[in-house]
Every structure is written in structure tokens, then in C-alpha cells.
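Asks: Taken in order, these protein sequences are the chains called Y and R.
For the first sequence, the numbering used here begins at 1 and goes up steadily by one.
For the second sequence, the numbering used here begins at 352 and goes up steadily by one.
The set of hints was computed from the structure by calculation and includes no laboratory data.
Among the clues, some could well be false.
Straight-line alpha carbon distances no greater than 25 Å define the calculated SDA-like cross-link-like pairs of lysine to any residue that follow [claimed, not checked]: (1) R/Lys360 with Y/Thr265; (2) Y/Lys120 with R/Ile517; (3) R/Lys641 with R/Val715; (4) Y/Lys103 with R/Asn513; (5) Y/Lys75 with R/Ile517; (6) R/Lys416 with R/Glu495; (7) Y/Lys258 with Y/Ile16; (8) R/Lys721 with R/Ser571.
These figures come from a predicted structure and were not determined experimentally.
The primary structure of each chain is shown beneath.
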Amino acid sequence: MKTLLRNCIYQGKNLIREFGFSFWCLIYPVILATFFYLAFNGMMDIELEDINIGIEKGNRIESILEEIKILNIHKVSQAEVQEKLNNGEIHGFIDSDLNLMVKESGINQTIIKEVIEQIKQMERLNKPIENYDFEADHILDRNQEANLMVIIFYSLVAMVSTYGIFGGITVVSVIQANLSHIGVRLNVTPLKKHEFLIAGVIVGLALNLFANGILFIFIKYVLKLELLNEFKYSSIFIILGNLFGTALGMFIGASNRKSENAKITMAVVIVLFFSLLSGMMGPNIKVVLDKNIPILGRINPISIISNNLYRLNLLGSTRTVREGTLILSLYSILFIFLSYLFLRRRDYDSI
Amino acid sequence: MTVYKYFIKMALRNKWLILSNTLLFFFFAIINTSGHIQEEMSFIETKLNIGIIDNSNSPLSNSLKDYLESKNNIIDVSPEEEIIREQIFLQIVDAVVVIPEEFEEKVVSKEKVIEVYRDDRKAESIQIEHQIEKFLLFANATHEEGKFDLNAIKSALSEKVNVNMIRDGSRGIDKGTNEWFRYYFNFTAYVTIACYISVIGLVMADFNEYNIENRRKISSKRFLRFNKELYLGQLSLAGIITFIFILGSIIIKGKYIREINFNIYLVNTIVFSFSILCLTFLINNITRNKFVTNCLSVVLSLGTSFISGVMVPQQFLGDKVLTLAKFFPTYYFVRINDMQTSSLLGVKNDIFMQLLFGLAFLLVGLYLSKTAQEV
Chain Y
1 MKTLLRNCIY QGKNLIREFG FSFWCLIYPV ILATFFYLAF NGMMDIELED
51 INIGIEKGNR IESILEEIKI LNIHKVSQAE VQEKLNNGEI HGFIDSDLNL
101 MVKESGINQT IIKEVIEQIK QMERLNKPIE NYDFEADHIL DRNQEANLMV
151 IIFYSLVAMV STYGIFGGIT VVSVIQANLS HIGVRLNVTP LKKHEFLIAG
201 VIVGLALNLF ANGILFIFIK YVLKLELLNE FKYSSIFIIL GNLFGTALGM
251 FIGASNRKSE NAKITMAVVI VLFFSLLSGM MGPNIKVVLD KNIPILGRIN
301 PISIISNNLY RLNLLGSTRT VREGTLILSL YSILFIFLSY LFLRRRDYDS
351 I
Chain R
352 MTVYKYFIKM ALRNKWLILS NTLLFFFFAI INTSGHIQEE MSFIETKLNI
402 GIIDNSNSPL SNSLKDYLES KNNIIDVSPE EEIIREQIFL QIVDAVVVIP
452 EEFEEKVVSK EKVIEVYRDD RKAESIQIEH QIEKFLLFAN ATHEEGKFDL
502 NAIKSALSEK VNVNMIRDGS RGIDKGTNEW FRYYFNFTAY VTIACYISVI
552 GLVMADFNEY NIENRRKISS KRFLRFNKEL YLGQLSLAGI ITFIFILGSI
602 IIKGKYIREI NFNIYLVNTI VFSFSILCLT FLINNITRNK FVTNCLSVVL
652 SLGTSFISGV MVPQQFLGDK VLTLAKFFPT YYFVRINDMQ TSSLLGVKND
702 IFMQLLFGLA FLLVGLYLSK TAQEV
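So that you can see chain Y by itself, here it is in the shape it has in the complex (with noise of 0.2 Å):
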């Protein structure tokens, strides 16, 4: 135990002192958190606008329109409407027989063109005017709002809870002693070197965790968004994403011989293409991808904590935890698994 410690101090140290970790756990995710809040941020906070609608002095189903809430009404003279279309002061002008002139076909001028219709399908009903309520509400409203645009603040999240990829690398470079220099002095020591992997999985673990802490102080305090309601099943997601990210790492750092540097841009490459398709450079990728390969949201590591977390966090459902979380612990054991058997019996003729 007494070892065990003293490998994690050393190693915390070694870690903490490193810029790559400083650089990629601490300074990029609240980088790249700040762009995304500086160019989502206007696209999250929907306001339902009114509609323009144009129509000439004395036009008979004025008083009607007047009547609807989300109608604005102009006065518009024919020799207006074409200029008051084009700037967009108005999304569409309705003439005296009830014809609608627009610029653009649209969602606000097909509204205007459905509250014309009534008008003559009513006409064409012929049925007398007290036949119909008006004041009649036959809707039960199920209020749940959209906002696609928070997955890409939960696919940064789930990225960044898997940083403890660079803890991974890192430590089993260390421990190898045709990578590093301390590792050629681990080899000839007693020490043993399944202590020394606990400590730095633990110390990778630990120090990723505090970044992920320090990213959401940053979200929550700085940027005013607020991320986490439910704290339980959430944590377990960014916990078992740093276990899944360290277990990937340890795998990237013993499955080859290539420099530190080149497993580290590995690791960004695969990381990043698992956001991308989690949905962190446009939702709109993640909502194609559910569309067409669901499978594929359901096995990309990153998909399945940043999925989870806006379940749990927006919409307070739990129905994918338990197959969530099944999944990432048995990536990680996987990869854990595969890096003990990459760095089992490893001796060294010569360095």
C-alpha cells in the first residue's frame, strides 16, 4: 500500500508537470468549450416570433386576422409589397380575392396560407356561423422542448471524460523500456511493474477526473450553462468514460512501438472521430447516423455516455443506463485485458 502510494505521488508529479497533459485534459476542453458557447449559444434559446402578414386597407378578413395572436398585420399598398418582400418586413401579402403573394416558400408563409384556406373551406362548409366554436380547445398540450444543439456541449463532455486516454499512454511508455528512459531503470530495479501500472492508472484517473471537474465549474459558472441536474447515473458515466479512456490508452501505449508523440496524435484522431460522430462538430451527424446505422450509437463509447448524459440530464429518462454502462465496463475491460497480455513477459535482450 505504502508503494502503492509513493508510485502515485511520483507519477501524479510526473503527470501534472507534463504539458501534453496540461495542454490536452485542462486548457483544450475549455477552449473548445468557449468556441462552442460562442457559436451556439445564440442557436439554443428559441423564441416564438410573430408572422408579417401583409394585406391593403379595407381587405374583409382584416377583423379575422386581427383576431389570431401570432398574426402582426400592415397595411401594405400593392406598389409596396414587392419592396416590403424583399427586405422581409413582411413574410407574405394577402390581396382582396384572397390570393397570397410571398418571396420565399417557408414555414411561417405556408402558416399564413393554411389561415387563409379556412377561410374559404369555411365558405365552401356553407354551414352557418354558429355551428362552429371558436373558443373550443380540443388539445392537450405535451410541452417538450427541442435543443439539438446541447449535444454537442454532452458529446464534449463524454470526449473530454475519456482524456484520460493521454494518463494511459503515458503511463505504459513509462513502464517500457525500449520507449523510455525511466523504464530502462524500472526494468533493472525490484520495483515491480504491475504496482507501478495500478499507481498510474489510478493517478490518470484522478487527474482526469479533476479536469473534468474543472471543465464543468468553467461550464456552469463562467459560460451559465447548466449541464448536470442528476448527479448519480451521470457521474457514473463520466467515471466509467475515464476508466474507458485510460483502459484505451494503456492499449494504444503497449499495442505498438511508435513514439509517444505519434500515440498521442492516435489518440486525438480516435477520439475525435468518435465526437464527430457523437455529434460534436453538428448534431445533425448524430441524427443521420441514429436514422440510418442506430447500431452505431449504441456501440461508439463517446455516443453512449454523451447520449446518456442528456437523457438522464434533460429528459430524466434512465431506459439506456443499464445497457450503457454494460457496454463501456466491458470496453474497458477488453482493453485493459489486451494491454496485460501486449505487456506480460516482456524482457529485453539489449536496449
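Following the hints, put chain R in place on chain Y, whose structure we already have.
Replies: Positioned in the frame of chain Y, the structure of chain R alone reads:
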């Protein structure tokens, strides 16, 4: 040409970096291929993506379903509330309509009867509400002797209004095609910056390494000649990468090139490529550290892309963000692609700004290079 040859050789050692960036780029370009090409010759009604769960299966509910199906795209939805809410959240559906068992009775008694899952803040929620309320208003208006006159409702609902679209003189038919090219070329900005800074930066870091530089100083190779070959190597590499991206657009959407102003995309991409090459030159004169180069590559490519409108259209970005973006050539590159103007004269200012940025990067880089030589 020994230096040139080795520059290219060392750059090709980083082929995986170029390949991974390029493949990632084409992957997203192809994903975005589907569904964009749509001609707009006349007014097209906006159809919502809706799900309908009919637990009543009565004549009235079937008639309502038929009407909603004629006005919207129907998406298969699960009856589970959690899944419905997630589909609304992800904007896979605009609304989900749940019709209960005792539908007809509740309509007659004018109760709140239909559950509609939707986002109240969106115009789509108004449209679906209007369609449902109109149908049920008509249904109640025709309700006599315990029966709804569904044929009369159907006939009334077939009444349409004329919609005329005004023309503003622009070529309106290539909206979808232009949209694809706009997205494609905007995204090249991200990959260009990432590739140039990381690949050229890493090779230059090797050339600028202390021992190599000392060897070069005592060699017979003239400094000017050495630099000329290095810059030629950088230009060749940048040319190849730019050519791949331009060729990619021709391969994926070649048959639509005549519908758009491809020359503008072409000139804009080449000018931007030059500007970023100059930025890379500046960075190479600021740092020799490979790690810092890598960090700058990631931060600058992602950062400028996010604030300049590559990932999100400029119209959605705040004024402060756009003001910040104006200090990078990416902003002007994206602006030209977004403008969709028909002549090069219309974008001359933005082309000029990119060239100016390139020149500024080059001059500062040359100054730093000269300062470093004097030390």
C-alpha cells in the same frame, strides 16, 4: 533540389495525418450529400415530420389521420412517452399526435382530447395545432344526429388558395446545389488549416531543429537557395491538398457545377489556401516545438471554424463573435461562399482582405525569421 526532395519525403511521412483529415472531410461531405438538391420553381408548403398514434381507429380519427398525412410527412414513432420526448428533443419529429380511445365522444363534448407532443416555442407547433383544431372545428360544425359529415369536411379541406412567388432576378433554381457547395467549401477551411499547420509545421520543425540548422550553416548550400526550395516544397504540398479538395467537389457533384458559380468557389479556395500557407509560415517562425505546433493546429482550425461560420452559418452568430472572427481570413472566405454572388467583382473586397492577411502573416514571419538569424 535536395532540400525540396527531402521536404516532400518528410511531408509524406505524415501521410496518415493528411489522409485522416481528408477522409474525415469527405465522410462528412458525403453524409451531407443526401436530401439537399431540391429545386424551387413555385411555392412549396412546409411539411412537418409528425408521428400519429391512433388508439381510437374510428371513422373520425381515420379521417383526421388522412388529412394530417396529406399535409405532413409521417414518421414511425414508438408509443413510449420517453422515446416520443427524445424524438421531439432531437428534432427527428416536429410533433407527435396521440388520439385516445373515446375520441369521437370527447370531440362532441368539446373536451381536451388529443395529446400533442411538441415544442411550444417553434412555429411548427402553431402549424400542427392549427391543422388539428381546424379539422375538429369543421367536424363539430357538421355534427348532426350523432354523425359527422366526413365527406363534406373532406371536400371543404380540398379548397386551396393561389400562391404567387415574386422573383428578385436571382437564379432561384439552384438553391439546393449551392447549399451543398457552400457547406463543402466552407468545411475545407477547417481541414486546410488543420492540415497545413500540422503537416508543414511538423516538417519545418525538423528542418529548424538546432543541429540540422547548424549543419546547414556550415554547408555550401546558400541560405536563399535553401529557403527557396523549402517554400517551393510548401507550395507544392499546399497545391496538392487544395487540388484534392477541389477535385473532390467535382467528383461528388460534378454534374451540378454549371448550375452554380464554381469559378468563385475555385478562386476563393485558392486565395484562402495561400493565406493559410502564409499563416503556417508565420507559426513556423514563432515556434519550433512540435507539440506547440500540434496544439496550434487543433485550436486554430477548430476555433476559427466555429467563430467564422464554418460549423454554424454566420447569420446565427452574435455580433461580438463576428467582430472577433474578422481578425482571421476564414471569416472572409466563408462570407464569399455564403454570398452566392454571380461575379468575381462582387467579392473583390473579401478576396482582397484574405490576400492582405496573407501578406501580413508573410511580412511578420519574414521579420521574425530575420530576427532569429541575427541572434
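Asks: Any of the earlier hints contradicted here, and which numbers?
Replies: Nothing - there is no hint that the structure violates, so all of them hold.
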